[in-house]
Amino acid sequence: MFNRTMRRRTVLAGAMFAALASASPMVLAQGLSGELVILQWQTGTDGQMWKEVEAKFTELNPGVTIREFPPAGTQGDARGGIRTAVLGGEVVDIIINTWPAFRAELVNSGILRPVDDQWKSFGWDSKLSQAWRDLGSIDGTTYGVTYTYGDRSAIWYKTSQLEKAGITPPATWDEFLASFDKLKAAGYPAPVVIPAKYWAHTEWFETLLLRTAGVDFAAELAAHKVPWTDPKVKVALMKYAEMLKAGCCAEPATMLAIEQPYPTLYTSEDSSYLLFGMWTNSALKNDLGLKEGVDYSIFQFPSLGAGFDDTASVDAKELNLTTNGANPAAADAFADFIIGADAANIMAKYGYASPSTAADNSLLGSVQQIATAAVAKAKVQFVLGDLLPGDLVDEYRVQLQKFLQDPSEATVDTVLAAIEAKAATAY
Amino acid sequence: MANSVAEQAAGPGEVSSSKGGARLRLPVTRGWRLTDAPAAWLLITPVIVLFGISVVYPLFDTIRISFFDIKGLAPAKWVGLGNYVTLFGDATFRNTLLTTLIFTVGTTVISVSLGWALAMLCAFAPAQTTPFRGMMFVTFGISEAVSGYMWLNILRPDKAGLLNAVIGIFVPGYAHSWLGDPNTALWALIFVASWSGVGLPLMLCFAAVQSIPRTVLEAAYMDGAKPFSIMRHIMMPLSLPGVRVAVFINLLGALRAFDIIYVMTGGGPVRATETVGYFMYRESMTQFKLGYGAAATVVLLVAVLVISIPAIIQRTAGAK
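Heads up: the sequence lines are chains A and B, in that order.
This note's numbering numbers the first residue of the first sequence as 1 and each following residue consecutively.
This note's numbering numbers the first residue of the second sequence as 1 and each following residue consecutively.
Don't read these hints as lab results, they were simulated from the structure.
Accuracy of the hints is not assured; some may be wrong.
Here are the simulated DSSO-like pairs of lysine-lysine, each with C-alpha atoms no more than 27 Å apart in a straight line [said to hold, decoys possible]:
id : chain 1 : residue 1 : chain 2 : residue 2
1  : B       : Lys159    : A       : Lys225
2  : B       : Lys77     : A       : Lys402
3  : B       : Lys77     : A       : Lys164
4  : A       : Lys422    : B       : Lys77
5  : B       : Lys71     : A       : Lys245
6  : B       : Lys159    : A       : Lys184
7  : A       : Lys422    : B       : Lys159
All chains, please: the whole structure from these sequences, using the hints.
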């Protein structure tokens with residue numbers, strides 16, 4: 001009798017365990033506990049947004065506490081600080097990453113674990129399209145869970161300035177070039193602001209490359225399967241030169257001294273257009289208190305008619321999960337949470353778009369909706385600068401600074417030859 | 001009963017009895033004595049340990065790392081002198097050497113000359129110029145990063161920049177991008193660094209002038225020497241020891257300059273203001289080529305030693 005009861009209890013317990021084990025990870029996540037360490041390097045408004053995201057996660061998972069590990073020296077580029085932290089033995093569960101080339105470095109060093117199993121068990125296919133999965137993959141293995149993205153081919157403008165100049169957002173390249181004179185006549189002497197002190201001057205080249213040569217060529221260039229001296233690269237730079245020669249901008253020396261575009265563009269009356277990341281939206285809304293869609297807006301890069309007007313440059317942020325994290329279950333659950341509706345809604349409030357289908361895009365502001373719609377129908381390519389090896393990207397930026405100083409054909413040849421020489425040793 | 005440390009240090013008969021009312025004579029060093037050892041070691045051990053941890057270990061580790069190829073998180077590979085060979089073949093590094101030389105000589109010449117000249121003038125009215133000297137010395141105490149941010153606004157490329165606004169009074173509409181023009185960026189940095197550094201040479205040279213015996217100056221007056229002659233033939237030559245110290249300190253500071261470049265130009269435009277110190281940072285911290293960056297650090301260290309050792313030998317010889 002006793003044995004039979006015991007056997008029945010054992011069978012029942014086994015059945016319950018099997019039922020639990022086969023239950024969805026969402027159910028198991030209810031019992032999450034312990035500390036989750038996130039290597040978080042965003043500051044200012046972005047940092048504040050991230051705190052809100054974390055607070056929501058801990059509210060849903062009261063057993064989990066989150067500790068942010070801020071790497072040292074994050075001003076500008078956080079990669080140095082992340083490397084120092086990792087080499088110094090800091091154990092974290094999650095790394096926030098925005099550089100695909102850096103993800104490869106982390107993978108090669110055995111720091112990241114694949115998330116293909118989690119993708120299947122959590123059903124992330126229902127939230128993220130294959131394109132976003134591919135973006136976070138290396139050689140068919142997925143390592144990154146993309147949670148936000150930005151349109152890098154959107155041109156920002158101040159609505160009152162275009163109204164004063166009597167123009168609407170230009171749709172074609174010729175209209176765009178023609179708008180410079182009208183803006184100058186309206187009292188804006190440098191219609192386009194190019195903050196060229198560090199990297200932002202490369203943005204124009206990158207979208208022009210996509211629009212003149214397409215995403216496949218840009219991907220090949222990023223991987224150095226085609227040389228920088230390829231005529232297609234020269235065509236893109238010559239288009240850039242066309243814009244400079246049309247009087248788009250301030251003197252080269254002024255461009256080379258500008259690091260931070262927001263005050264220049266939005267508190268002075270010199271310039272109108274800016275090609276910059278979508279974090280501009282957050283900065284303008286939250287830091288400068290401007291009204292999205294009223295004080296400022298965006299238009300998609302004007303069409304060039306070269307057969308590649310359906311392309312756009314994008315950036316993205318993803319979560320990478322580590323191999324040595326102390327709380328992998330909580331890390332998996334956080335990755336699931338970040339592409340869920342709760343996190344997407346918080347990000348929308350700050351002006352950031354989520355690639356997740358769970359996101360309610362109606363919560364996005366008007367500017368972000370323009371960008372989201374444009375990216376949705378475009379063939380996209382990740383920001384070129386973030387795909388290049390560190391050595392090369394530095395040379396690429398410096399050489400394009402030289403190009404800004406003298407956008408002649410001879411300089412274009414010299415500049416591309418110099419980048420190619422560096423590329424030959426950088427991979 | 002054992003003698004006191006002071007008695008031991010002084011040796012027999014060196015310390016007079018206080019009852020006797022005799023003057024305390026300074027101890028005479030007569031070489032190492034076994035009985036001194038515990039107290040001496042106790043006193044210097046913390047310094048040695050701290051010096052070892054914060055200076056000696058990082059120094060030797062930097063030299064060790066410079067023999068490895070370390071890129072990002074990839075495993076280190078031994079390359080021997082490979083990093084040094086690459087470094088001297090690197091046109092960018094050679095350019096930083098030249099930039100460093102111009103920056104170092106420029107800031108040293110300007111700040112020491114200006115400090116020395118001001119010290120000469122102040123020496124004619126020491127009491128009345130005390131507030132002025134104090135203000136000048138304050139610039140030396142301001143962090144380079146803070147003064148860099150301050151000067152960033154003064155040198156703004158638009159008309160709102162203070163310098164452009166002042167020039168604009170005489171040349172309406174004037175606007176020059178001092179830090180964005182490769183032809184002026186380095187000189188703008190030299191000027192700012194000299195402004196920050198002029199306080200120390202002023203104080204050192206002023207102190208040197210003040211140490212000139214009054215009798216010498218009075219004798220010159222009695223002989224009918226004019227103020228300019230006194231300055232040229234007496235004050236300037238006799239204040240040279242102060243000038244030498246100021247040159248030495250400024251050279252070392254300028255060679256290692258980083259903060260002001262980081263804040264104001266980031267080594268640009270087009271690497272026009274990239275010194276060895278900034279190159280080292282860029283290679284090590286942004287490119288994370290630790291071995292290569294360490295090799296640049298060692299080269300900078302050698303340059304610092306080349307300047308320091310003769311100066312230290314000279315100072316030590318002077319002290320003897």
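Here is what the structure says about each hint:
Of the supplied pair hints, the one linking lysine 159/B and lysine 225/A is violated, its CA atoms being roughly 46 Å apart against a limit of 27 Å. For the suggested pair lysine 77/B and lysine 402/A, the alpha carbons sit about 34 Å apart, so the restraint of at most 27 Å is broken. At roughly 61 Å between alpha-carbon atoms, lysine 77/B and lysine 164/A are farther apart than 27 Å, so this suggested pair is violated. Between the alpha carbons of lysine 422/A and lysine 77/B the distance comes to roughly 21 Å, so the proposed pair stays at or under 27 Å and holds.
Of the pairs offered as hints, the one joining lysine 71/B and lysine 245/A is violated, with about 40 Å between alpha carbons and a cut-off of 27 Å exceeded. Straight-line distance between C-alpha atoms of lysine 159/B and lysine 184/A comes to about 18 Å, which keeps the hinted pair within the 27 Å bound. For the given pair, lysine 422/A sits about 38 Å from lysine 159/B by alpha-carbon distance, which is inconsistent with the 27 Å threshold.
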